[in-house]
Amino acid sequence: MTGLAEYELHEGEGGAVLTLTGPYLVSTIGALDEELRDLPGPIAKVDISGVTEIDTVGAWMACSISTDHQAEITGASDRAQRLLGALDGIDSEQELAAPRLPVWSRVPEAMGEKMFNARTGIVGVVSFLGALLISAGTLLRNPRRFRMVALVHQIELVGVSALPIIGLMSFLIGIVIAQQGAVQLAAFGAETLTVNLVGRITLRELGVLMTAIMVAGRSGSAFAAQLGTMKLTEEVDAMRTIGISPMEALVIPRIMAAVLMMPLLGFYSSCVAIIGGAVVGDLMLGIPFWTFLARIQEVVPTYDVWVGLIKAPVFGLIVGLAGCYHGLQVRGNSEEVGTRTTMSVVSAIFAVIVLDAFFAVFFTELGWG
Amino acid sequence: MAGDNGTAAPGRHERFRGDNPIVVSGLKNQFGDAVIHEDLDLKVRRGEILGVVGGSGTGKSVLMRSIIGLQMPTAGDIHVFGKSIVDAEPDEEIGVRDRWGVLFQGGALFSTLTVGENVEVPLKQFYPQISDELRHEIARFKIILSGLPEEAVNKYPSELSGGMKKRAGLARALALDPELLFLDEPTAGLDPIGAAAFDNLTRELKETLGLTVFLITHDLDTLHEICDRVAVIADKRVIAVDTVPNLMELDHPWIQEYFNGPRGRAALTAQALDELRRHMDEPVAAHAVKALDKPPAGKDKA
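Heads up: the sequence lines are chains A and B, in that order. Take 1 as the starting number for the first sequence in this note's numbering and just add one per residue. Take 370 as the starting number for the second sequence in this note's numbering and just add one per residue.
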């Protein structure tokens, strides 16, 4: 029969003879493999003269049977002979998977590694910030080395092209705050205080906070992915050898763009949110659009604007720092780029929210409640 | 007692018996306004190592990508094992993908898998019925056949040197015992010793496994040492396919420049020297080797 690999075990002179017939190929061996392995010994001879086609896998099978039973292989064609010759003496028990510890030592090890990573992470971020300040210092002394074009380009990416999405987001947030606030305040007959609510919460908190989260997702991740890929393709190393400091050429323009754009984006976001609130006021609460805006001026103290504007560049610094730091930490393979990008976004958003809580307490203590 | 394999249809296991496993006719490739290939014809003979040479940007890799179906040609016909590649959809199963192996320039190993797991990928994809144990064994012996040490089996690609990555890529290309092997600049970036070893490996594997090899290279030593025929791509076509000595007779400026330039001559002398060394027991050869080993004023590289 052609097309099927078969075998037969029978008694011959000098012991059992295993006769293999048909094609012994990677495509046909699958069904026979286990049966051939479990053959009862001893086998004295393996006759492969009936094998129509053979490849390395078939030859490997014959080879391992003959090694297991100390059997002799007979009737090999020229091709089979060559293949058997090539496979002769190969014997390896090496595990294919990368070495892995048992669970009871893997779990504590992973924990310990996390702790050490946390420590090196903190040290790393602080040293990165230090290196950044030193480069910034050198740039201040040699302002001609400053890369204006790169900065403008990053400002466009971080700031200008983020306007539509941040605008839309803030507008919707303004609508939601005004609408939900009005419903709750109506219980006290104080719908008009919706103006205070929208004005103060967006300028103090939400405008900047939501913008920081959006910038972390949009630009912080992009920083990490870009720098990570450049690290993998050795572009960063190439820069160093040419004498360009990656800090000056890559990191400073990005972080500066984030620091400069965050206050503008945050303020823009607050303004659009207030417009969203005013639209709701006009349509649902009977407060005319322009009256709503005029009231904002009266009920929101100026320091609320300052609270937002002071927080914004700090958040920008955190987002930019996290993105660039994690990007430059990429080593090894492409999976790392993904991991580091995720880490940069998560750590940036987390740090922004924690800092925001500190700022809230701080400004209240200052009397800017 | 009989083993039974009901799933595979007869005839699928037969090796290709025709003369030309690869036939390219009237191929045209165009990117925007740039025409890379026009009216390109090429036939690869069964069981040969065909070297493909051409200047940078003449479309050697594009030709390979067209043949293996990664690049849809603008016009023309490509048949591999008698089956049309052009008519098939990009990922359509046409029964040839398990019969060729491809070694990409950088190795293109999957970076999140170990070398052994890399070799297992095609086996799992095409022959899921193979037991885990046998599949591990196959992966191991393929890696050793490709000239890697046993310890490399469970290393990640990022832990390997450039030459080892190429060998690991070769092991993956050979995973399915293909009849056709595509190598894209296998010796680029290797040191001369590594390159020579890789050339020997290619030749040995071709002879043992009965492979047909489509080999893109810039390495003149590779061309002289292991290629049965060489196809020259220039002027958007294959201008000649022949053995190296015959090509050197041709009167095309690029071919002359390529094979008779300083590097071409050095490679040729090196090969002649090797040839002579094999006959060192004959006094004439021994003298010749001595003479060639000491170039008069150090002008000639040999």
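Accuracy of the hints is not assured; some may be wrong.
[What the hints assert, rightly or not] DEER-style ranges, computed between Cβ atoms: (1) Met115/A x Ala403/B: 35 to 43 Å; (2) Gln94/A x His587/B: 33 to 41 Å; (3) Ala403/B x Glu95/A: 43 to 51 Å; (4) Glu234/A x Glu576/B: 35 to 43 Å; (5) Ala477/B x Asp237/A: 19 to 27 Å; (6) Gln625/B x Asp78/A: 22 to 30 Å; (7) Ser453/B x Ile353/A: 39 to 47 Å.
Don't read these hints as lab results, they were simulated from the structure. Yeah, the Cβ is synthetic: ideal placement off N, Cα and C, and Gly gets one too.
The hints, checked one at a time:
Take methionine 115/A and alanine 403/B: their Cβ atoms lie about 56 Å apart, and the range 35 to 43 Å is violated. The hinted window of 33 to 41 Å between glutamine 94/A and histidine 587/B holds, with their beta carbons roughly 35 Å apart. A beta carbon spacing of about 49 Å between alanine 403/B and glutamate 95/A agrees with the range 43 to 51 Å that was offered as a hint. Under the hint 35 to 43 Å, the C-beta atoms of glutamate 234/A and glutamate 576/B, about 38 Å apart, fit the expected range.
Between alanine 477/B and aspartate 237/A the beta carbon distance is about 22 Å. The supplied range of 19 to 27 Å therefore holds. Range check, glutamine 625/B to aspartate 78/A: Cβ separation about 41 Å, and the 22 to 30 Å hint is violated. Checked against the hint of 39 to 47 Å, the pair serine 453/B and isoleucine 353/A fails, with Cβ atoms roughly 59 Å apart.
Hint violations for this structure: numbers 1, 6 and 7, all remaining hints satisfied.
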